[in-house]
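Protein chains: 2
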Amino acid sequence: MTTPEPKPPNEAEGRFGAEARATLLDLLVWRRDVRRFKPDKLAPGTLERLIGIACLAPSVGFSQPWRFVLVDDAGRRGAVRASFERCNAEALRCQTGERAALYARLKLAGLDEAPSQLAVFADRHTGRGHGLGRLTMPSTIDYSAVMAVHTLWLAARAEGIGLGWVSILDPDGVAAALDVPPTWTFIGYFCVGYPSKEDDAPTLEREGWESRCDPASILFRR
Amino acid sequence: MTTPEPKPPNEAEGRFGAEARATLLDLLVWRRDVRRFKPDKLAPGTLERLIGIACLAPSVGFSQPWRFVLVDDAGRRGAVRASFERCNAEALRCQTGERAALYARLKLAGLDEAPSQLAVFADRHTGRGHGLGRLTMPSTIDYSAVMAVHTLWLAARAEGIGLGWVSILDPDGVAAALDVPPTWTFIGYFCVGYPSKEDDAPTLEREGWESRCDPASILFRR
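Protein chains in written order, with this note's numbering: chain A, 1 to 222; chain B, 1001 to 1222.
Looking at chain A on its own, in the form it has when it is part of the complex (with noise of 0.2 Å):
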């Protein structure tokens, strides 16, 4: 087996040519929020290589706060299952009328079929940067755990695995039944394993739940 070698640097263009730029935005387009999976577990180390690979998110000051808690135990994943239940029926008391009707048919998580959950957290308190960039605003350090997220969800996009965000939970619940340190902050549980589909199109635009707006829209200048 050969490492794949690098692409030499092209003085024009930079490191990266065309072809590396559609397939960027291939991984983009084809990027899903999945909550319907294949039952097929990930083989032994997928996620553990995944989350390597998200190390090489941006952080502020190089202080690499992310936690990553693989969940295995029937209990904990209970747990957090009956925090979505509760979470999601408060939520659906908020919507009316015919939104409350799409709501309610909406898959939100797909808890009890991914074969993979994990938990991220930021830890606010760490001294790796030695405080470098966030002095006055300490939430950089939750901001580098998402690019965390995001950096395995586009690993794992280009491995054909899908991952499911459920923020519809109670982060102080969620970080008791994963006796985890009280400084954490909860950024987000994760769903992962086999997506049933692939789809170029989010599901709450295929649902009808919203639509994409034009870039010129959230564009301003100074």
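Because the hints were derived from the structure by calculation, they are not lab data.
A portion of the hints provided could be inaccurate.
Unchecked claim - Covered stretches of chain B (in silico footprint by chain A; criterion: 3 or more residues with CB under 8 Å from a CB of chain A, positions within the stretch not fixed):
1) 1029-1043
2) 1071-1085
3) 1175-1185
What the hints assert, rightly or not - Calculated lysine to any residue pairs in the SDA-like style (CA-CA distance at most 25 Å, straight line):
4) B:Lys1041 x A:Arg15
5) B:Lys1038 x A:Gly17
6) B:Lys1107 x B:Ser1211
7) B:Lys1197 x A:Gly14
8) A:Lys197 x B:Arg1021
9) B:Lys1107 x B:Arg1212
10) B:Lys1041 x A:Phe220
11) A:Lys197 x A:Leu111
12) B:Lys1107 x A:Gly127
13) B:Lys1107 x A:Pro138
14) A:Lys197 x B:Ala1022
15) B:Lys1038 x A:Ala18
16) A:Lys41 x B:Ala1216
17) A:Lys197 x B:Arg1212
18) A:Lys197 x B:Gly1017
19) B:Lys1197 x B:Arg1081
20) A:Lys107 x A:Ala201
21) A:Lys38 x B:Ala1018
22) A:Lys41 x A:Ser116
23) A:Lys197 x B:Lys1197
24) B:Lys1041 x A:Ala216
25) B:Lys1041 x A:Leu25
26) B:Lys1197 x A:Ala18
27) B:Lys1038 x A:Arg221
28) A:Lys41 x B:Phe1220
29) B:Lys1107 x A:His130
We put the CB at the ideal spot given by N, CA and C, even for glycine.
Following the hints, put chain B in place on chain A, whose structure we already have.
This is chain B only, laid out in the frame that chain A set:
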């Protein structure tokens, strides 16, 4: 000119093959937080195109809450630069001994050289997404904007364009200097341009500020 054809799906390994995975890994390894820029301007429309790609990022409830503000006005740029100077002087006072000397030598922003500059905000008050997924975790709106930043970062890198995240700023001061709605959350300020060199290691690692940690140290099991 022909539009690049997407690779046909391969049932065995999904849509993406070994080459796509190597490309993504290379992008992640060679992405950098850039503080030294060449003076060359970006071609007109470049940032707008990259922001269009950033809109492919995941967002809670498909809320697309990212707000991109291109900053060209010299007065507004000066106000941001002044905020950086003040906050960086304060941050230096929080470092002691050898670390203070090292901190003082670090170049932490390319505000004087970067030809393009933009600020990113998150709109927690957006009606888009109809509140889905964020009732218990309103910060997921901010996280969505962070993932759009990371998406833009990778897309820029694939074009040989560098991005530097400036977080040593007073968020309220920046929001005031840029005259944006008071309900927007400031995520970060970004220098964009062609980097003076390419590198596969973080500046803060090369300068001896912080080392890369073993992924095993941030992985936990429950």
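Hint by hint, here is what the structure shows:
{"no.": "1", "hint": "1029-1043", "in the structure": "holds (count 4)"}
{"no.": "2", "hint": "1071-1085", "in the structure": "holds (count 4)"}
{"no.": "3", "hint": "1175-1185", "in the structure": "holds (count 3)"}
{"no.": "4", "hint": "B:Lys1041 x A:Arg15", "in the structure": "holds (19 Å)"}
{"no.": "5", "hint": "B:Lys1038 x A:Gly17", "in the structure": "holds (20 Å)"}
{"no.": "6", "hint": "B:Lys1107 x B:Ser1211", "in the structure": "holds (18 Å)"}
{"no.": "7", "hint": "B:Lys1197 x A:Gly14", "in the structure": "holds (10 Å)"}
{"no.": "8", "hint": "A:Lys197 x B:Arg1021", "in the structure": "holds (20 Å)"}
{"no.": "9", "hint": "B:Lys1107 x B:Arg1212", "in the structure": "holds (20 Å)"}
{"no.": "10", "hint": "B:Lys1041 x A:Phe220", "in the structure": "holds (19 Å)"}
{"no.": "11", "hint": "A:Lys197 x A:Leu111", "in the structure": "holds (17 Å)"}
{"no.": "12", "hint": "B:Lys1107 x A:Gly127", "in the structure": "holds (21 Å)"}
{"no.": "13", "hint": "B:Lys1107 x A:Pro138", "in the structure": "holds (20 Å)"}
{"no.": "14", "hint": "A:Lys197 x B:Ala1022", "in the structure": "holds (24 Å)"}
{"no.": "15", "hint": "B:Lys1038 x A:Ala18", "in the structure": "holds (22 Å)"}
{"no.": "16", "hint": "A:Lys41 x B:Ala1216", "in the structure": "holds (22 Å)"}
{"no.": "17", "hint": "A:Lys197 x B:Arg1212", "in the structure": "violated (37 Å)"}
{"no.": "18", "hint": "A:Lys197 x B:Gly1017", "in the structure": "holds (17 Å)"}
{"no.": "19", "hint": "B:Lys1197 x B:Arg1081", "in the structure": "holds (23 Å)"}
{"no.": "20", "hint": "A:Lys107 x A:Ala201", "in the structure": "holds (16 Å)"}
{"no.": "21", "hint": "A:Lys38 x B:Ala1018", "in the structure": "holds (22 Å)"}
{"no.": "22", "hint": "A:Lys41 x A:Ser116", "in the structure": "holds (7 Å)"}
{"no.": "23", "hint": "A:Lys197 x B:Lys1197", "in the structure": "violated (41 Å)"}
{"no.": "24", "hint": "B:Lys1041 x A:Ala216", "in the structure": "holds (22 Å)"}
{"no.": "25", "hint": "B:Lys1041 x A:Leu25", "in the structure": "holds (24 Å)"}
{"no.": "26", "hint": "B:Lys1197 x A:Ala18", "in the structure": "holds (20 Å)"}
{"no.": "27", "hint": "B:Lys1038 x A:Arg221", "in the structure": "holds (23 Å)"}
{"no.": "28", "hint": "A:Lys41 x B:Phe1220", "in the structure": "holds (19 Å)"}
{"no.": "29", "hint": "B:Lys1107 x A:His130", "in the structure": "holds (16 Å)"}
Hint compliance for this structure: hints 17 and 23 are not met, and every other hint is.
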